[in-house]
Amino acid sequence: MPDKILKINDLAVEYRNKGKYLRVLQDINLELDNGEILALVGESGSGKSTLGKTILRLLPDSARIAEGSIFFKGKDICNLSEKDFNDQIRGQEMAMVIQNPQNALNPVFKVGTQILDVLYFKSKKQKSRKELKKEAVEILKKVGISDPEYRFDEYPHQFSGGMKQRVMLAMAFISNPSLLIADEPTTALDLTVEAQILNLLSKLVEEYKTSILYISHDLGVVAGLSDRIAVMYAGRIVEVAQTKELFAEPNHPYTEALLKCLPDYKKTEELLTIPGQVPDPGNYPVGCNFHPRCSYSFDRCRKEDPVLKEIIPNHFSACFLNDS
Amino acid sequence: MFIYITKRLLWVIPTILTVLLILFSLSYLLPGDPADIILGPRATPEMAEELNRRLGLDKPWYQSYLIYLKNIIKGDLGTSIFRDRSVLTVILDVLPYTVILTLAGMGLAVFNGISIGLLAANYNNSYFEKFLTMVSFITASTPTYIAGVLLIVVFSVNFNLIPSIGIGEGGFLSSLHHLIGPALALSIGWTGYIARLTRSSMLETLDQEFIQTEKSFGIPRYYILYKYALKKAIKPIIAVIGLGIGRLLGGAVFVEVIFNRPGLGRLIVNSVNERDLPMVRGGVLAAALLFVIANLIADISYAYFDPRIKQK
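Chains as they are written, first to last, in my numbering: chain A, 1289 to 1612; chain B, 58 to 369.
Since the hints were made in silico from the structure, they are not lab data.
It is possible that some hints are incorrect.
DSBU-like mimics (lysine-lysine), calculated; alpha carbons at most 30 angstroms apart, straight line [what the hints assert, rightly or not]:
no., chain 1, residue 1, chain 2, residue 2
1, B, Lys284, A, Lys1422
2, A, Lys1398, B, Lys64
3, A, Lys1429, B, Lys187
4, B, Lys187, A, Lys1422
5, B, Lys187, A, Lys1371
6, B, Lys292, A, Lys1398
7, A, Lys1371, B, Lys64
8, A, Lys1413, B, Lys288
9, B, Lys284, A, Lys1413
Only chain A is shown next, with the shape it has when bound in the complex (with noise of 0.2 angstroms):
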């Protein structure tokens, strides 16, 4: 049985809003295997950032952790102190790459700079800048930026999109991290773009054997690159399955809707979508939370909250439809 780097137990995240905890997250329970890819997908709202950026302790000072643990490599990592946290996880362990590349680079500072410093504090600051430089440049060639030496003493406003994109990818492959937070990283490039970036995403991967939590809202988009997907809605998670079971036997409802969303090329129909949209935390349904926009929704599902329970081996789904 392969080793689990990431455990999550029953997580629960709440924010502060005026004086009062807000539910975000809610019985969140995860596991990711060694060398996994799984993919988070849902829409806007659902959650999926906010889990990304729970597990690397990036969310504000109002958000807390209500409920439950985070277990990296079977150690909880929700009891180290913040000093711990960042010497040892993030930027050594874990490293994390956002949704819009414009901003994900410091406008003021040279890209040799920022990648520099990331070795730096990689390597405890034990080795100098300049020895580093040698792995910063090798790093950015293989992240195919032509011409490193030279770009290394751009700015950031000097790069393309997917240009900024690739130095993201080679600043958090550059720390050798067991598990990469991959948080809508080609949503904001072009379709082109998106695929070079898929690729060389596939490409590193398979180079330094790390697991990636990817999250997306396209299906489209991780079903070629994950091995397991999990879907989210309203801050839970509502089905977890092989990337190949999922798009062939979706369980939840709401998969089976996001999965009917997909648009395909050679068709010419009108797109669907799923009427409603996510409920904001706080104005979450009595019930099951996706109750109010499913087509086979009944009187269980406006009573109890549904729990996520494994339908066939490795495929788990909280829906009462499975009850029945």
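Chain A is fixed; fit chain B onto it per the hints.
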């Protein structure tokens, strides 16, 4: 970079020409006949004619403007009417005191203001931050003359720590000792202002996505705060420093009067009272030049802090 600096330098020329035109038109815009006002009621027509000739008022305005410009290019700002000395030497006499006082005052304000602002941004939403905010507001709203008088009462009169007037009798230490009070008085208003500005600019920067990126890559908080965020956040602060230095160079009148120091501001105010037209023109021109230079330096330093500017 070179092009950027050249462009900024070229912009100085129309600015200065405009200032000169305004200064020149003073003698036409002021109510009354300049000769009458300066010489008083007992002046003979010959004396008035002589003065008008000295001021260049006997020719059509465009001719005398050209003469005025020509003289300025030659470094001749005219002769003070009451001091019987060339305006240039009078200005050069007081200029070092003004420049030193301004730089010391602004330097104090920048150091204290940025420190307070950084602390406030770092400890945002704590009681410590609320205390710092209060300090900033109090200093920002204290007028220079109140600050000056308070400093004299407390530190000169009660504790006898700093001298209350004068510039010291030569010697570096004595000058420095005499500079403390005036510089502090001058810095107080700007300290609070810069502190508020630093805080808000830092908070805005810390909210941006690249800060999260840097954090997620394991860069320590102090490093993000003092290197990555500060350099991004400093642009509005530099703009204010540039304007502030410019304003103080000709405007430190209160401090110069209270601490009885020579200076450009005081010189201009006295000359206005005496209706010493060449002196006023020369003094304001000097203040304007210093203002332009201060802002030029601020503009050029932008390019260092924001590489995107170089390309525009």
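For each hint, the structure was consulted:
Pair hint B:Lys284 plus A:Lys1422 holds up; C-alpha atoms about 23 angstroms apart against a cutoff of 30 angstroms. Using a Cα cut-off of 30 angstroms, the hinted pair A:Lys1398 and B:Lys64 holds, with the two alpha carbons roughly 24 angstroms apart. For a cut-off of 30 angstroms, the pair hint linking A:Lys1429 to B:Lys187 is broken: about 49 angstroms separates their Cα positions. For the hint linking B:Lys187 to A:Lys1422, the alpha-carbon distance of about 47 angstroms lies beyond 30 angstroms, and the restraint is violated.
With a C-alpha separation of about 26 angstroms, the suggested pair B:Lys187 and A:Lys1371 falls inside the 30 angstroms cut-off, and the hint holds. Using a Cα cut-off of 30 angstroms, the hinted pair B:Lys292 and A:Lys1398 holds, with the two alpha carbons roughly 17 angstroms apart. As the CA atoms of A:Lys1371 and B:Lys64 are separated by approximately 48 angstroms, the hinted pair breaks the 30 angstroms bound. Note on A:Lys1413 and B:Lys288: the hinted pairing holds, with a Cα-Cα distance of about 22 angstroms set against a maximum of 30 angstroms.
As the CA atoms of B:Lys284 and A:Lys1413 are separated by approximately 16 angstroms, the hinted pair is consistent with the 30 angstroms bound.
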